[in-house]
Amino acid sequence: MLNKEAYLSAKIFADDIEQKATRDGFGTGVVEAGTTDARVVVLSADLKESTRAEVFEKAFPDRFVEMGVAEQNMATVAAGMALANKIPFITSYAAFNPGRNYEQIRTTIALNHAAVKICGMHAGVSVGPDGATHQMLEDIGLMRMLPGMTVIVPGDATEAHKAVIAAAKTDGPVYIRFGRSATPVFTTPETPFTIGKALRLFDPINPEVALLSTGALSYNALLAAQMLHEQGVGAIVLHIPTVKPLDTEAVLEVAKQVPAVVTIEEHQAHGGFGSAIAECLAQSHPLPMRILGVQDQFGQSGTPEELLRHYELDSESIVKAAKSLLAL
Amino acid sequence: MALTDSDISQLENTAEEIRETIISMLVAAGSGHTAGPLGMADIFTAFYFHILKHDPLHPDDADRDRLILSNGHIVPVRYAAMAHAGYFDVLECATLRQFGSRLQGHPERLRLPGLETTSGPLGEGLSQASGMAYAFRMDEKKNRVYCLMSDGEQDEGNIWEAVMFAGKYRLSNLTAVMDRNNIQIDGMTEDVMSLEPIADKYRAFNWHVIEVDGHNVRQFIEAIDEAKAVVEKPTIIIAHTIPGKGVPEIEGDYRWHGKPPTKEEAQRFLKEIRTMNGKVTQEYA
Ligand SMILES: Cc1ncc(C[n+]2csc(CCOP(=O)(O)OP(=O)(O)O)c2C)c(N)n1
Ligand SMILES: [Mg+2]
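The listed protein sequences correspond, in order, to chains A and B. Just so we're aligned, residue 1 is where the first sequence starts under the working numbering, counting upward by one. Just so we're aligned, residue 1001 is where the second sequence starts under the working numbering, counting upward by one.
These are computed hints drawn from the structure, not numbers from a lab. Among these hints, one or two may not hold up.
As the list claims (entries may be wrong) - Under 7 Å between C-beta atoms, here's a sample of chain A residues computed to sit facing chain B:
| id | residue |
| --- | --- |
| 1 | V69 |
| 2 | N206 |
| 3 | E208 |
| 4 | Q297 |
| 5 | G302 |
| 6 | P304 |
| 7 | E305 |
| 8 | E306 |
Just so you know, even glycine gets a beta-carbon here, dropped at the ideal spot from N, CA and C.
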């Protein structure tokens, strides 16, 4: 059932599967990108430890630039650097980057098609106790609406590492979304990653529903598929780390195998990943769908687990949504 | 009315109680910011127990003074001061940052009466305070607007847009207070993004500038009185503070910006605060 070609973790359903935050993959990935390409520079807005930009600073102190708490300046300085032959990675919390500096990104990075790599950390409700102000839930929407912007939401730290390296090699602007909390590392170095390609994680013999998800919640989708399997319901899991450009081929291929799909994201249900899937399906292969995400609300303080349960993004809630969609 | 020495020592005692509450609530929360809240305990005490025209039982009173907290991450000190002032039971402080609590990790106006606005994302308070001050002046209202800011957030361009606006419109009913504790997250402010000469910068933008020792309650209250007497400009009080003030082992250390004490540390910190850093036990033991 697990897709062998995905080369998933040997401990995929074990309790002691390795846990790591996707932002850790940024730290290691950007050092590797910086090693292969001397044009890579990293900018920090007074958050070098929690964004892991500090890992790059240690490796390449001369290519690390401290901006202070000034995200708008960071985006526009980076645009200037990109137009002067650098590959800048700009780092802060997603609420501020691309939250605060959206228009600067729109005009000076997107409209210029400048090779700035926007890294938004601490996205989603799993930020936990900091509360709504810091739990960015609108960034995927903001970024995927910009023409020419690539949008990547890695599923785990290993994939984040690969995404950062791939972003450095891609022309033009890229947004990469990272999380604060440690989440299961379900992929391995052997797992294929290409910008714009989706990955089947779970392929049952008699699929009745498909779970399409992005980011770390793809692991919850996988757990949900396993639970559904135990209840006799076949659920395909398609992990889609690149929200834009969307792998429409893979999405449509899955959609043609099942009567209904559920999408899962740690983002507003309006305008994000689920909307991107709905746009694709509605125009090419309409079918019943549920968009799981935060339903037009802000986040709040709590532990990541409490909040994922509250906003119905845990594996049990995914199972429930899939079954209600199939009227089971 | 002049403040007597006993008024001052009463305020100082209240500040110590607020520091104790801050430590306790941070330990219970298991996350949150320690340095900023402890450093601003004296100033919050001065506001809630002397300066502000406010009524804890009627937080929506239209004529109240407004206290805008721009650097929302130090909100534990505001919650603690509000609780001690009678806005809500001090016991509720133990719910800080927990699921369902009104005491969110960063202040949310719609959840707790008396907060005036929502903050956490830095650099947005002074503009809102300026908007309030401008609106009150349009309505010929006499209440005053105070805006607390940090030094790290002076890096934000939004602040300087507000500084220009308030200077241009001579918002003398607006008093800003800067927590000049010299730290931010990545290190000392002068290393991360140098601010000096910060007083001259405000003067150049047509503000009246006063510099005080942020732990000297009398000096701070006198500065607020001076600000009220300046009618042609907004005033900023640059309050020189010690981050982590009251707990010598963490004072001045930027690494305490964003972490809470452990249970063991908290026991030690509380003892240091309760004994006025050894003074009580030495003198009265
Ligand atoms: C717009 C924005 N960018 C980044 C942050 C993250 N952040 C929280 S506090 C802080 C440091 C600011 O320095 P300061 O307020 O002086 O810290 P303190 O003295 O309280 O330790 C930063 C960068 C934020 N809250 N808002
Ligand atoms: Mg500071």
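Verification of the hints:
no.: 1; hint: V69; result: 4 Å, holds
no.: 2; hint: N206; result: 39 Å, violated
no.: 3; hint: E208; result: 35 Å, violated
no.: 4; hint: Q297; result: 12 Å, violated
no.: 5; hint: G302; result: 3 Å, holds
no.: 6; hint: P304; result: 11 Å, violated
no.: 7; hint: E305; result: 10 Å, violated
no.: 8; hint: E306; result: 5 Å, holds
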